[in-house]
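Engineer: The residues making up each chain are set out below.
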Amino acid sequence: MRRSAGLTPALAAILLLSTNGLASGDGLLVRGGTVWTISGDTLEGADVLVLDGKIAAVGPQLSAPDGARTIEANGKHVCPGFVDAHSHLGLARAERDEEVAPGATDTLVLDAFWAGRKDIRRAASSGVTTILLAPGYTNPIGGRCSAVKLGPGRVLKRDAAVKLVLAESALMRDRKPTSMPGLLDMLRQELSAAAPAEGEEELLADAVRGEIPVQMFCDGVASAERAAKLANEFGLRASVMAPDAAHKLPRILEGTGLSVICLPLSTTPTEKLLSAPARLAESGLKLAFASLAPLSDTGDLRSSAAFAVAAGLDEGAALRALTLDAAELIGVADRVGSIEVGKDGDLVVTAGEPLDVTRPVELVVVDGEIVYEREAR
Amino acid sequence: MTAARDGRITGSPRGTLAPLTMRPKLSILSVVVVLLVPLQTGLAAQPAAEPGVLAIEGGRIITMAGEPIEGGTVLVSEGKIRAVGQTVEIPAGARRIDARGKTVIPGLVDAFSRLYVYPQELMEGTQIAPELRITDGVDPYDEDGAEVLQHGVTSVHAVPGSRSLLGGLSGVLKVAPEPGPLTVVSDGVAVRGQIGVPAGNSTSSLHRLATYASIREALLATRDYLWTWRKYERDLAQYEKRTEGNGKDGNGEGRKEQKPKGEKPDRPRKPSTDPGSEVLARVLREEVPLQIEAHRVADILNALRLKDEFGIELILLGCSEGHKIPGEIAKREVPVIVAPVSLSFVPPSRLKYGEHSRANAAALARAGVKIALGVGGSEGLHSKFVRACAAVAAANGLGRDLALRAVTANAAEILGVSDRVGILAEGKDADIAIIGGEPLDIRSKVEMVIVDGAVAFERGAGD
Chain A
1 MRRSAGLTPA LAAILLLSTN GLASGDGLLV RGGTVWTISG DTLEGADVLV LDGKIAAVGP
61 QLSAPDGART IEANGKHVCP GFVDAHSHLG LARAERDEEV APGATDTLVL DAFWAGRKDI
121 RRAASSGVTT ILLAPGYTNP IGGRCSAVKL GPGRVLKRDA AVKLVLAESA LMRDRKPTSM
181 PGLLDMLRQE LSAAAPAEGE EELLADAVRG EIPVQMFCDG VASAERAAKL ANEFGLRASV
241 MAPDAAHKLP RILEGTGLSV ICLPLSTTPT EKLLSAPARL AESGLKLAFA SLAPLSDTGD
301 LRSSAAFAVA AGLDEGAALR ALTLDAAELI GVADRVGSIE VGKDGDLVVT AGEPLDVTRP
361 VELVVVDGEI VYEREAR
Chain B
1 MTAARDGRIT GSPRGTLAPL TMRPKLSILS VVVVLLVPLQ TGLAAQPAAE PGVLAIEGGR
61 IITMAGEPIE GGTVLVSEGK IRAVGQTVEI PAGARRIDAR GKTVIPGLVD AFSRLYVYPQ
121 ELMEGTQIAP ELRITDGVDP YDEDGAEVLQ HGVTSVHAVP GSRSLLGGLS GVLKVAPEPG
181 PLTVVSDGVA VRGQIGVPAG NSTSSLHRLA TYASIREALL ATRDYLWTWR KYERDLAQYE
241 KRTEGNGKDG NGEGRKEQKP KGEKPDRPRK PSTDPGSEVL ARVLREEVPL QIEAHRVADI
301 LNALRLKDEF GIELILLGCS EGHKIPGEIA KREVPVIVAP VSLSFVPPSR LKYGEHSRAN
361 AAALARAGVK IALGVGGSEG LHSKFVRACA AVAAANGLGR DLALRAVTAN AAEILGVSDR
421 VGILAEGKDA DIAIIGGEPL DIRSKVEMVI VDGAVAFERG AGD
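Protein chains in written order, with our numbering: chain A, 1 to 377; chain B, 1 to 463.
To be clear, the hints were calculated from the coordinates, so they are not data collected in a lab.
No experiment lies behind these values; they were computed from the predicted model shown.
Honestly, I wouldn't trust all of these hints.
From the structure, some residues in chain B lie toward chain A, with a derived Cβ separation under 10 angstroms [what the hints assert, rightly or not]: (1) G79; (2) Q127; (3) K324; (4) A394; (5) N396; (6) A403.
From the three backbone atoms N, C-alpha and C, an ideal C-beta is built for every residue, glycine too.
Looking at chain A on its own, in the form it has when it is part of the complex:
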């Protein structure tokens, strides 16, 4: 009837065994909830059927095949798993960067990812099902970022994005670059070398051809301006992170076609930063939210979106930023980010509206398997 085969031990550990047992390869029917499809209308009292890890049907009164587990979601809300657009979960601090190699194009932090870390279990219980696993902040070319599920299939896309760091954190005294002009010079040289076709730096060539998205970490307004300029120069499909200057990005990025990764709950949360997502959306910029975990807590991603709503961001836009827009931004929108037939079975069931953070996450499903289920008290 039910199977738990295929679950990693770490994952199995977080499963709260309920009477119905674990979910399963035999299918999962989430019944009667308010379904926030994100890509289409929000459906009241609808069912979502997941078979073989994929969403098989969405609509009223679906019938489940024999052996499928049924979850009653009447009065609850169902939305796609949340996407954290930039994270270091599952990495020990020392594993984030190879500090002596500033142009770390080949570095793949995924190799150092360990799914058994406690922070991963906590993160999954908050409704985040996909993260962009990124290298750290000490190299101008940080390396490759991978889209990783916090559950069954794990690696969603190995080469999902390239990380560039245009911040002082990438400057060192004992290796190049030691200065901001040096850093920009290095990035220009590397990108130019990659520009003609597939040189040795295959990754950067893909970036220059717009085939792989680029995430640019900035530490201030000036840094963000440089990032926008660089992206424009090389035609990069880039998104900008500027934790302390997000409120100034509308002016810099308007009309550039770049996207913004917001981190309203991290660092110094001034009112300007809390309202930045709303201002950015008004300027027509595409948004995603990120935790930069462990710099802030993945579990607060939902709160980030809720704060953005409180500061004027449209609720639908906030939810899109938390799901589909983030998925597009990291190049995995064909698989996750919305509740559509054919997409991965990544679902979050909440007791209240998805962004009502006073109400608990009831159930989290990754690739059709339940990775978290709240204990009934």
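Following the hints, put chain B in place on chain A, whose structure we already have.
Structural biologist: Leaving out everything else, chain B in the frame of chain A:
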């Protein structure tokens, strides 16, 4: 408060919709307006002829002292709450604030805050300095208060730094809309100690044991100190009895010339006074609690051991792994200020505290522990996230009612300031937040915040 702000406040229920004539720049103008425009009933508020009298009408009032009152009124004057109820007589000239469709709650309390505390105050060495008072070291010109206030937070528990073993007395301060003198609600909430809180990168068990041992040593030394003083007083009394009639000096000292000339019993030597020991003596006499920041099970147990050994009043601060031993804490009736609830505001280096659980507060409350929630942020601005932290705790098993209580009434009770803040009742300080919906749902906008009866924040039309 500026004249312009006064004008805005007297303008309309929400301060934004009234016609220009209703928004005089000066209070003199208000009087003129009163003369020119006969009192309008219903719609807009009358200009405040009686300054400082506020009537918050029609809201859902969560008093924290009984059932919520639907469509009730809170009457405020001279900084205090004068009445709360379904039917409250509103004096003429009161500023009427329309709270229909909104929720009226006590101003929120961050029970573990860095607001107004200079960063240096957090960096004191590892010495024992219980005689320090955090309220002596606060920065009244810290501008973060205005932003914190916008989130409904009206009081903060300012806690001395985490590096000292015994870092002095914490205090409760009102959050001010503008830089300037701060209102101190309490300058001696509890002596702050810590057991096993990593100082820098030192998380070794030796360090953790040493912190416990040092605090215990300080308390033992205080016992000796008290004994020495008691002995002195006893000896002095004896001495005075013996020398009765020969001299008049009661407890004077150094007046050797007045000593009797005959048989000369030695006058007892007065022991030296030590301010730190004096404060710890108050702890031993249960006049002031000891609050110990501890996060791991072993460290929490050590803190509880101090209570068992010395019979002191204890408050636990932080208590990240409290969820593993809620019974131990509950049976000693030790209240807990749970922090952090949300981990975003804690520097990653300090996440070595132990095994965090977002359900920590719920587990403790379920066992019968009285809990408050603190943001425990790394900087003052983080106190604005009190609602977010309470929401996280609510969603993780605490429930909305208890979560709200943990950042209002319970916080005030644990901090010993419930005579003034934390509930909406007659005679309490008029610290009130008006919120446009479910109070802890951070999507609900904070519409107005009142501190000591004055409107300290009011949402503008464009916000």
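Engineer: Taking the hints in turn, state whether each one holds.
Structural biologist: Going through the hints against the structure:
1. G79: Given a least distance of 27 angstroms, the restraint on G79 (chain B) is violated.
2. Q127: Violated - the Cβ of Q127 (chain B) stays beyond 10 angstroms from chain A, reaching only about 30 angstroms at its closest.
3. K324: 14 angstroms, violated
4. A394: Holds - the Cβ of A394 (chain B) comes within 10 angstroms of chain A, reaching about 4 angstroms at its closest.
5. N396: Holds - the Cβ of N396 (chain B) comes within 10 angstroms of chain A, reaching about 6 angstroms at its closest.
6. A403: 7 angstroms, holds
Of the hints listed earlier, those the structure fails to meet are numbers 1, 2 and 3, in rising order.
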